[in-house]
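Asker: Please work from the sequences and hints to get the whole structure.
Spelled out, the chains give:
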Amino acid sequence: MTNSSAQLPRSRRFVVGGSKSPATERSWYSYVLAIAWILFLGVSALFFWSIISKSLPIWQKQAGTMITGTGWGGPYGGLPMILGTLQTSLLALVLAVVVGLGTAIAIVFLIPARLRLITATIVELLAAIPSIVYGVWGLLVLAPWMLTHFYPFLNSLGLTFLGSPDLASGPSILLASIVLAVMILPVFVSITREVISAVPQDLIEASLSLGATRWQVIAKTVLPTARVGIMGAAFLALARATGETVAVALTIGTVSNVQWHLFYPGTTIASWIATAFGESSSVDIQALMALGVLLMVISLGVSLLSRWFISRQRKLLAKV
Amino acid sequence: MTDLFNPVVANDALRAEIQAISHRGRRARLLRSRIIIALCVIALLIAVIPLAALSWEIIAKGLPVLKASFFTQLPLSPNLALPNQTGGVSNAIIGSLALVFYSSLMSVPVGVLTGIYTAENENRTASAIRLMAQTMAGAPSILMGLFAFALICQQLGFGYSALAGSFALAVLMIPVIVVATEIAVRNVPQSLREAGLALGARPHTVSLKIVLPTALSGIVTGCILAISRAVGEAAPVLFTIGGATLLNWKPADPVSALPISIYIDAKSQWPSLRAMVFGIALVLLFVVFIASFTARFLVGRQQRKS
Numbered sequence: 001m002t003n004s005s006a007q008l009p010r011s012r013r014f015v016v017g018g019s020k021s022p023a024t025e026r027s028w029y030s031y032v033l034a035i036a037w038i039l040f041l042g043v044s045a046l047f048f049w050s051i052i053s054k055s056l057p058i059w060q061k062q063a064g065t066m067i068t069g070t071g072w073g074g075p076y077g078g079l080p081m082i083l084g085t086l087q088t089s090l091l092a093l094v095l096a097v098v099v100g101l102g103t104a105i106a107i108v109f110l111i112p113a114r115l116r117l118i119t120a121t122i123v124e125l126l127a128a129i130p131s132i133v134y135g136v137w138g139l140l141v142l143a144p145w146m147l148t149h150f151y152p153f154l155n156s157l158g159l160t161f162l163g164s165p166d167l168a169s170g171p172s173i174l175l176a177s178i179v180l181a182v183m184i185l186p187v188f189v190s191i192t193r194e195v196i197s198a199v200p201q202d203l204i205e206a207s208l209s210l211g212a213t214r215w216q217v218i219a220k221t222v223l224p225t226a227r228v229g230i231m232g233a234a235f236l237a238l239a240r241a242t243g244e245t246v247a248v249a250l251t252i253g254t255v256s257n258v259q260w261h262l263f264y265p266g267t268t269i270a271s272w273i274a275t276a277f278g279e280s281s282s283v284d285i286q287a288l289m290a291l292g293v294l295l296m297v298i299s300l301g302v303s304l305l306s307r308w309f310i311s312r313q314r315k316l317l318a319k320v
Numbered sequence: 321m322t323d324l325f326n327p328v329v330a331n332d333a334l335r336a337e338i339q340a341i342s343h344r345g346r347r348a349r350l351l352r353s354r355i356i357i358a359l360c361v362i363a364l365l366i367a368v369i370p371l372a373a374l375s376w377e378i379i380a381k382g383l384p385v386l387k388a389s390f391f392t393q394l395p396l397s398p399n400l401a402l403p404n405q406t407g408g409v410s411n412a413i414i415g416s417l418a419l420v421f422y423s424s425l426m427s428v429p430v431g432v433l434t435g436i437y438t439a440e441n442e443n444r445t446a447s448a449i450r451l452m453a454q455t456m457a458g459a460p461s462i463l464m465g466l467f468a469f470a471l472i473c474q475q476l477g478f479g480y481s482a483l484a485g486s487f488a489l490a491v492l493m494i495p496v497i498v499v500a501t502e503i504a505v506r507n508v509p510q511s512l513r514e515a516g517l518a519l520g521a522r523p524h525t526v527s528l529k530i531v532l533p534t535a536l537s538g539i540v541t542g543c544i545l546a547i548s549r550a551v552g553e554a555a556p557v558l559f560t561i562g563g564a565t566l567l568n569w570k571p572a573d574p575v576s577a578l579p580i581s582i583y584i585d586a587k588s589q590w591p592s593l594r595a596m597v598f599g600i601a602l603v604l605l606f607v608v609f610i611a612s613f614t615a616r617f618l619v620g621r622q623q624r625k626s
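Heads up: the protein sequence lines correspond to chains A and B, in order.
Residues in the first sequence are numbered consecutively from 1, following our numbering.
Residues in the second sequence are numbered consecutively from 321, following our numbering.
Just so you know, the hints here were simulated from the structure itself, not pulled from any lab data.
Hints may be right or wrong, so weigh each one.
Said to hold, decoys possible - The calculated lysine to any residue pairs, modelled on SDA-like cross-linking and capped at a C-alpha distance of 20 Å, are: (1) Lys-381/B / Val-607/B; (2) Lys-220/A / Lys-587/B; (3) Lys-587/B / Val-141/A; (4) Lys-220/A / Ile-357/B; (5) Lys-220/A / Arg-354/B; (6) Lys-315/A / Ser-447/B; (7) Lys-381/B / Ala-276/A; (8) Lys-587/B / Lys-319/A; (9) Lys-587/B / Ala-276/A; (10) Lys-220/A / Ala-373/B; (11) Lys-570/B / Gln-474/B; (12) Lys-529/B / Ser-27/A; (13) Lys-587/B / Gly-278/A; (14) Lys-220/A / Ile-355/B; (15) Lys-220/A / Arg-346/B; (16) Lys-319/A / Leu-203/A; (17) Lys-220/A / Leu-350/B.
Answerer: See below:
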């Protein structure tokens with residue numbers, strides 16, 4: 001054996017201190033990889049640049065009206081769209097967090113282990129359903145039902161400030177918010193579930209050993225430990241809600257006015273772009289691009305926040 | 321040792337007192353715990369109701385629509401004489417297939433190679449790519465439509481075309497593929513790479529013949545998920561593909577797509593067209609679920625292997 005190993009041909013590549021180490025050696029392969037990532041970075045940069053540059057004329061002429069104005073045509077006002085986006089996505093977030101927190105807790109701590117995998121799978125399947133399918137369900141199934149049952153029910157609870165069911169017509173801010181809530185629920189639940197199950201078992205057992213009930217363990221140990229991560233999940237869901245287009249375009253009615261009565265139609269930035277684009281002149285399109293910039297700022301800001309929260313949760317758990 | 325750690329010295333009175341303190345409010349605490357736990361289970365049920373309702377409605381109303389003519393005929397518009405004349409969606413099926421094909425052709429090579437680069441390099445470029453991929457993955461899909469419209473339809477003068485739509489979809493898919501590929505390549509054990517290098521293989525040989533085959537199922541999973549997202553997305557193609565009632569498929573032709581047919585028909589005044597929407601939605605759900613299960617199966621197989 002020693003003889004044969006001595007007879008191995010000496011390769012340049014094995015010379016200690018050779019001028020070319022394998023890791024930095026230039027080959028056709030590294031050029032192929034470079035072409036790919038340069039393409040990716042180039043297209044991504046072009047993505048931001050082209051939307052921003054197309055909207056520049058609007059920002060130069062009437063940046064103030066774009067944010068605070070209400071009309072669409074002469075000067076372009078984006079206030080109804082901005083407020084509508086905030087209304088629908090925040091309302092959807094509240095609904096999704098209330099139901100989703102309970103769901104995540106139930107999946108991790110309360111239901112039998114056999115059911116856990118099935119429930120988690122179902123929740124993830126919900127996330128894979130195309131948004132247009134949610135929109136169709138909202139418009140053709142949920143809207144008629146809400147008109148005849150849910151709006152009168154809410155009115156009978158004394159919530160008359162939401163509007164009157166007699167004046168409502170299917171599409172509404174409330175309907176869009178509920179459809180959005182159903183859509184972002186899986187996003188929120190799957191991340192919250194991960195964050196909650198990453199809480200160290202030691203902490204839970206310590207809490208149990210002090211005589212805490214199951215709810216006390218959850219409320220005083222699990223949720224405080226997972227707090228930052230849950231915030232991250234909420235912001236990720238919010239980012240998804242602000243950018244959602246077709247499901248909202250089908251269910252909100254896209255009427256450009258500031259509307260506080262949730263039974264009546266409103267609009268959001270994304271759904272306004274989708275509906276107004278068809279019959280737009282080239283100046284209209286500049287204004288829509290300006291709305292696109294606003295949407296970009298809102299939703300990228302929210303998703304950056306969410307990523308910051310989630311990475312802080314990771315560091316926090318690494319310390320525990 | 322203090323008395324605290326030595327309960328033997330506690331007399332019966334003290335022990336009773338300790339017990340009383342620990343039992344104080346126990347019943348109330350338990351009751352509260354059970355009520356809130358019940359609320360959590362109710363929340364779980366509320367979360368499952370939409371899925372059940374949605375799948376039930378789509379299947380029950382969609383199945384009757386799915387006849388042979390649904391898949392083979394071009395769409396027809398109903399009129400007063402023939403209110404139930406809807407035709408089929410063959411144009412949208414062909415259009416969706418063409419869009420998926422072209423967008424995969426654009427996004428899979430770029431996405432996979434970029435993902436390999438970020439996984440195997442630890443430098444400033446790699447972290448810039450990573451940041452960009454995460455940012456793009458979070459960008460609203462309607463913006464991809466605006467981008468493709470501005471660049472392909474207007475700047476490059478292609479107008480409404482399959483090319484513009486598939487470009488928008490590719491921009492949407494690339495970040496998904498980059499992130500999935502990076503994770504899959506990173507999961508390949510370092511020892512495999514070192515074994516290859518120790519045998520004298522060049523880095524690109526190791527990457528192509530050892531790392532890629534090992535990471536392949538993860539990469540394929542990422543691509544499947546990206547494609548299934550692209551099939552269902554309406555926003556990026558809404559004002560880039562033009563919509564055609566012909567069997568168009570060439571890159572420069574305007575085409576139609578399944579989500580767009582849903583979007584248009586759902587707002588129609590004709591009940592027959594609104595009924596057909598459930599059929600198209602069922603087809604989309606079917607495609608997405610098949611893709612999701614395939615991805616899940618591949619992930620499971622990979623986990624069993626390693």
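Asker: Taking the hints in turn, state whether each one holds.
Answerer: Each hint, compared with the structure:
Only pairs whose Cα atoms come within 20 Å are accepted, and Lys-381/B paired with Val-607/B is accepted, the gap being roughly 17 Å. This hinted pair does not check out: Lys-220/A and Lys-587/B have alpha carbons roughly 49 Å apart, beyond 20 Å. Under the criterion of a C-alpha separation no larger than 20 Å, the hint pairing Lys-587/B with Val-141/A is consistent with the structure, at around 13 Å. Note on Lys-220/A and Ile-357/B: the hinted pairing holds, with a Cα-Cα distance of about 14 Å set against a maximum of 20 Å.
Between Lys-220/A and Arg-354/B the alpha-carbon distance is near 16 Å, which keeps this suggested pair within the 20 Å criterion. Only pairs whose Cα atoms come within 20 Å are accepted, and Lys-315/A paired with Ser-447/B is accepted, the gap being roughly 19 Å. At roughly 30 Å between alpha-carbon atoms, Lys-381/B and Ala-276/A are farther apart than 20 Å, so this suggested pair is violated. At most 20 Å may separate the alpha-carbon atoms for a hinted pair to count; Lys-587/B and Lys-319/A exceed this at roughly 54 Å.
Only pairs whose Cα atoms come within 20 Å are accepted, and Lys-587/B paired with Ala-276/A is accepted, the gap being roughly 15 Å. Pair hint Lys-220/A plus Ala-373/B does not hold up; C-alpha atoms about 35 Å apart against a cutoff of 20 Å. A threshold of 20 Å between alpha carbons decides the hint, and for Lys-570/B with Gln-474/B the separation of about 19 Å falls inside it, so the pair holds. Note on Lys-529/B and Ser-27/A: the hinted pairing holds, with a Cα-Cα distance of about 15 Å set against a maximum of 20 Å.
As the CA atoms of Lys-587/B and Gly-278/A are separated by approximately 15 Å, the hinted pair is consistent with the 20 Å bound. With a CA separation close to 17 Å, the supplied pair Lys-220/A and Ile-355/B stays within the 20 Å bound. For the proposed pair Lys-220/A and Arg-346/B, the alpha carbon gap of about 16 Å is at most 20 Å, so the pair holds. The straight-line distance between the Cα atoms of Lys-319/A and Leu-203/A is roughly 13 Å, inside the 20 Å bound, and the hint therefore holds.
Only pairs whose Cα atoms come within 20 Å are accepted, and Lys-220/A paired with Leu-350/B is accepted, the gap being roughly 15 Å.
Hints 2, 7, 8 and 10 from the earlier list are contradicted by this structure; the remaining hints agree with it.
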